[in-house]
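Chemist: Chain by chain, the residues:
4 protein chains.
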Amino acid sequence: MALLRKINTKAKAEINTGFGTNTSAYGGRLMNKNGRTNIEKHGVGFLERISWYHTLLDLPLWKFLSILVFFFTFLNLIFALIYLAVGIQHLSGLDAVTTSDKFIEAYFFSAQTFTTVGYGRINPVGFVTSAISSLEALVGLLSFAIATGLFYGRFSKPEAFLRYSGNAIIAPYKDGAAFMFRVSPYKNTSLTDAEAKVTIGLFIEEDGVTRSEFFQAGLEYSTVNALTLSWTIVHPINEESPFYSFSAEDFAKAKGEIIVFVKAFDDMFSNEVVSRSSYVFGEIIVGAKFEPMYFRSPDHNKTILDLDKLNSYTTIDITSILPVSKNNVATA
Amino acid sequence: MALLRKINTKAKAEINTGFGTNTSAYGGRLMNKNGRTNIEKHGVGFLERISWYHTLLDLPLWKFLSILVFFFTFLNLIFALIYLAVGIQHLSGLDAVTTSDKFIEAYFFSAQTFTTVGYGRINPVGFVTSAISSLEALVGLLSFAIATGLFYGRFSKPEAFLRYSGNAIIAPYKDGAAFMFRVSPYKNTSLTDAEAKVTIGLFIEEDGVTRSEFFQAGLEYSTVNALTLSWTIVHPINEESPFYSFSAEDFAKAKGEIIVFVKAFDDMFSNEVVSRSSYVFGEIIVGAKFEPMYFRSPDHNKTILDLDKLNSYTTIDITSILPVSKNNVATA
Amino acid sequence: MALLRKINTKAKAEINTGFGTNTSAYGGRLMNKNGRTNIEKHGVGFLERISWYHTLLDLPLWKFLSILVFFFTFLNLIFALIYLAVGIQHLSGLDAVTTSDKFIEAYFFSAQTFTTVGYGRINPVGFVTSAISSLEALVGLLSFAIATGLFYGRFSKPEAFLRYSGNAIIAPYKDGAAFMFRVSPYKNTSLTDAEAKVTIGLFIEEDGVTRSEFFQAGLEYSTVNALTLSWTIVHPINEESPFYSFSAEDFAKAKGEIIVFVKAFDDMFSNEVVSRSSYVFGEIIVGAKFEPMYFRSPDHNKTILDLDKLNSYTTIDITSILPVSKNNVATA
Amino acid sequence: MALLRKINTKAKAEINTGFGTNTSAYGGRLMNKNGRTNIEKHGVGFLERISWYHTLLDLPLWKFLSILVFFFTFLNLIFALIYLAVGIQHLSGLDAVTTSDKFIEAYFFSAQTFTTVGYGRINPVGFVTSAISSLEALVGLLSFAIATGLFYGRFSKPEAFLRYSGNAIIAPYKDGAAFMFRVSPYKNTSLTDAEAKVTIGLFIEEDGVTRSEFFQAGLEYSTVNALTLSWTIVHPINEESPFYSFSAEDFAKAKGEIIVFVKAFDDMFSNEVVSRSSYVFGEIIVGAKFEPMYFRSPDHNKTILDLDKLNSYTTIDITSILPVSKNNVATA
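Residue numbers (my numbering), protein chains in the order written: chain B, 1 to 332; chain Y, 1001 to 1332; chain A, 2001 to 2332; chain F, 3001 to 3332.
What the hints contain is simulated information worked out from the structure, not anything from laboratory work.
Treat the hints with care, as some may be off.
[To be verified] Keeping only pairs whose Cα atoms sit at most 20 Å apart, straight-line, the calculated EDC-like set for lysine to aspartate or glutamate is: (1) A:2255 / F:3058; (2) F:3157 / B:159; (3) B:197 / Y:1272; (4) Y:1309 / B:40; (5) Y:1187 / B:58; (6) A:2157 / A:2058; (7) B:157 / F:3058; (8) A:2157 / F:3159; (9) Y:1302 / B:213.
[What the hints assert, rightly or not] Over the 12 Å line for every Cβ pair with chain A, so calculated as not near, a few chain Y residues: (10) 1010; (11) 1062; (12) 1138; (13) 1249; (14) 1287; (15) 1302; (16) 1315; (17) 1317; (18) 1323.
[Claimed, not checked] Just some of the chain F residues that point at chain B, by a computed CB distance under 7 Å: (19) 3038; (20) 3039; (21) 3044; (22) 3049; (23) 3118; (24) 3145; (25) 3158; (26) 3219; (27) 3312; (28) 3315.
Every residue, glycine too, gets a C-beta built ideally from N, C-alpha and C.
Hey, can you work out the whole structure from these sequences and the hints?
Modeler: Here's what the structure looks like:
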């Protein structure tokens, strides 16, 4: 029996994922492990397609700092050339004799003006050079407004700091089985009112055409008051689950993606923080139990949360729990 | 039959648009294409009617920078005059001989103080000039707090960066037709929990009196989990739509405006962003289908979203779907 | 018949106003016209009772600036004294001869360091004075972080910029009457998703004891999509209103307060803004109609909102609409 | 009868506290009095477990300032060593003769550059030293972006400024009893739309195994429009309360924690603020009434809120109200 036939018809379709249903248009993963969507934009001008704010907030630190140093150097070079052009003699206090030394002194005078250090050994004399240097100080203050604003913005950007278990598992749950994964805050944050939303995407080939179907994954509970320890998010494989008739083989052969979205309130940021991730079927361990990851401290006064155990599980045989696959995908 | 009679009486009136119902008071469009309301405020003092924060955040960049340069120059001129008034001899280190040169040096001393560059060749001596220059440094720091705050505020202002299809279309939908338009994020943003609200405003002339009626446009679905690709917002023309009895001619002759409001959560801004737009009836193509705007990448690893195709549609004949207009507005 | 008896028993009590019900504890108005609650806190230490952030954000501008200038002067005086104490000879470049001149130069050296202007004519020599001045520069940068942060924070603080009609009115409404007032944004803001909440507080003397009763005022509609023109907030005096049996005399004699709370989303602030106000019974005009306050512009292209007309009303006789007061409060 | 048997089976379990149910893993209090959870994280690298933003925003002021001064000194030392390494002769204007004096001058030149004071007596000459000092000015501006951002961030961090009564009480309420505590804003804030959530956690030993059970505490009312005076949060001990069958002895012997979570909107911060606290059973006074804490001012124009009375109560005998404990825990 084809996998398509085995998708539980009572499962609640998720119609508004924002990913569309025309799977033939998709390539690869919808969402990467780090929560970014796997989409490239074309058309419109390149510059129009870029939000500098988003780009600069999102760059790795070394790239961000390189860009800062590049712009700092570039703008100083421009101003140094301007000072040379209007006449280096209008900079009093120069020690330089050769042209290259003069350029170097003009460059560093520019840097001292741009950063408003203004030692003053070199200083502008006359209207034109004074005017340019006062303009440069203004440009410097405005440039550093953006540079330092972004630098602090990167540092203080609300982030969820959540870590997901590398694998999702199919574990025994009540009378049947459940799809589970764990998430845990790994930094000294204090998250409240956390909410999870899980969407199951299945890519189905039938008669040579690939189609995607999205389903809401019903959760054991989808909110927690405080997200301080680990949270095992549980999708019970019951009559409303698209996995209701799935055998172990079906899980192994299915293609698609389970998309996870968690949001919570961080009271240090005083803001909502969001986190996304996804599991492909290859990352699901059929038949496993998560090991406990928090313990009482030796002095019995605290709870210890061991983050290294986030993905710790022991495999168990659950074939007796899952439906038997008489006609699996391969033989369909 | 007059258009008024053709408005579906089962359509759900939108009573709280904030635009009132006394159409005779209105002029032109309620909302411009860019989402701004077409309203002018009179009364109260002019200065009281202005929020400088809103004004300066909203100005085109060149106007904003011009205002900055103007204020910078203006304040330096004022302080230069003060330094001259209390006695230029209290500025040590001047090279100037003529009065105009002295004014120029006082001006640039002021600029060097205001920006806190403070080269120091020119520096204050004595109580009065020192006091004024220390006050100026304070004024400078406070002025730049506003200037740089606004400059960074403009740069980092949460914006939705959404683009709407230039036209709305009436397209086949299920057994009948639907009013549709498309919206797509055009920058490298990541929007979640997007929600759309569409209000249909019809301006009706009856017995020489114009009246406006607003209706909630029921949507196929009004939220998407992630707004990453394009989103076709669909108002099915069913029994609850004010357009239920509209023929193609009625759409052509109707006057009014379809007002669109979209909000979503941007996790880089960690804030809600909003976007508004509107379509007048002249912008509706009766009988068209949007062309797909996203594709699988050649290497099958990504999805490509082609923003240039946002307004791409092919016209089709849908007269057989729409009600026939026996008595259209013109013959009424 | 005492007023108490005339309060409609079907009116929905508002139990969670946060103002309590023990009226004997209250004095005067609960909420001032500007929306501030009329409460004074005692106990706890004075400094603990103060949030400097709230206080400094809320002060009139001239007081805020005075405090800034005071602290700037005060800290410079302290540092000037320290420079004198460790030996004025460690400041190179002084012109001063007399002690008072030396103090003045030390003071302005301090100011130049604190603002990081650092002209450099006067500059520190030797370990102790250099160390103090480098510490002062650090203190200056941190102090200006607070000062300029607050200055910009005051400038950019999300505010609703709403104006309320000076009077509330009792006007004809459908078959009966309604309590109405108007609110209008008076600056160039763009408010969406506005929501109003109105609470009616009645202070009742019975057997020499005063008691307060709070009621939710049902509104014709309590939200508007866009708050761009004026919004007339209407509480219909129907069977669920506490005013259902009120005659004109009862309104005149009643004591209490109608508390108004409006919130909306301002997309330039990207934040929710709130506004509060209140009406005492003396501010209610029994029998009036608001005059229109927006018009079509002469060129028919815009809507003009005339803010001067916010409180314009024409009085009308509505005694025939209100219940006759056989036994009013005075004769009870 | 064991306490376990006395927990009302009709009480609504709180399944999503985020604290798990495996009590054997816990140690001590779940939440400290100040609202912090009593959890320690292990595993992952130490640096990865730290959010510097959260840590630095949360440190006591003196520790935060010490860290600032330490980093300021440390970075200046590093740069001083670099200036020495590349040749102290490239710093013009030095008075120093001895090596240690040279190091001191290099250090203070660095400090003057780092803070952008730049007096200029000491100033860089030549390419290498000039380049290092211009880099240092850049590093200084970026470092102060973080330092001043955090300093202002600490000052302006949205906080609830709520104080809880030190004790919770069991007081007479309607026909029975209720669990109550008081909360009051103690600073000049203006909180609206406050909401409280109370969770009762009971730790039960049965057959030598400890188990935790969490219950939602139903509240008399869980929201207030304005949190301006004191708010007595009341959990009626009715048929839905886990305390329904508790005698005074049971309260004394019970182990567990009542966890309180309050959130509200502060319009000066324009943000939601949250506050948490908890009561252990030892902090519950069985049989008490809170004394009033607000009064009319002498001039009858204001309400006075006396914060010192937040925990003022008078004990009363309520044994006749509570169920008699035939078989209390000790005798079970």
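Chemist: So, for every hint listed, does it hold in this structure?
Modeler: So, going through the hints one by one against the coordinates:
no.: 1; hint: A:2255 / F:3058; in the structure: violated, 48 Å
no.: 2; hint: F:3157 / B:159; in the structure: holds, 17 Å
no.: 3; hint: B:197 / Y:1272; in the structure: holds, 19 Å
no.: 4; hint: Y:1309 / B:40; in the structure: holds, 14 Å
no.: 5; hint: Y:1187 / B:58; in the structure: holds, 13 Å
no.: 6; hint: A:2157 / A:2058; in the structure: holds, 10 Å
no.: 7; hint: B:157 / F:3058; in the structure: holds, 16 Å
no.: 8; hint: A:2157 / F:3159; in the structure: holds, 17 Å
no.: 9; hint: Y:1302 / B:213; in the structure: holds, 18 Å
no.: 10; hint: 1010; in the structure: holds, 20 Å
no.: 11; hint: 1062; in the structure: holds, 20 Å
no.: 12; hint: 1138; in the structure: violated, 6 Å
no.: 13; hint: 1249; in the structure: holds, 26 Å
no.: 14; hint: 1287; in the structure: holds, 30 Å
no.: 15; hint: 1302; in the structure: holds, 31 Å
no.: 16; hint: 1315; in the structure: holds, 31 Å
no.: 17; hint: 1317; in the structure: holds, 36 Å
no.: 18; hint: 1323; in the structure: holds, 30 Å
no.: 19; hint: 3038; in the structure: holds, 6 Å
no.: 20; hint: 3039; in the structure: holds, 5 Å
no.: 21; hint: 3044; in the structure: holds, 4 Å
no.: 22; hint: 3049; in the structure: holds, 6 Å
no.: 23; hint: 3118; in the structure: holds, 4 Å
no.: 24; hint: 3145; in the structure: holds, 3 Å
no.: 25; hint: 3158; in the structure: holds, 4 Å
no.: 26; hint: 3219; in the structure: violated, 15 Å
no.: 27; hint: 3312; in the structure: violated, 29 Å
no.: 28; hint: 3315; in the structure: violated, 31 Å
Violated hints, listed in ascending order, are 1, 12, 26, 27, 28; each of the other numbered hints is respected by the structure.
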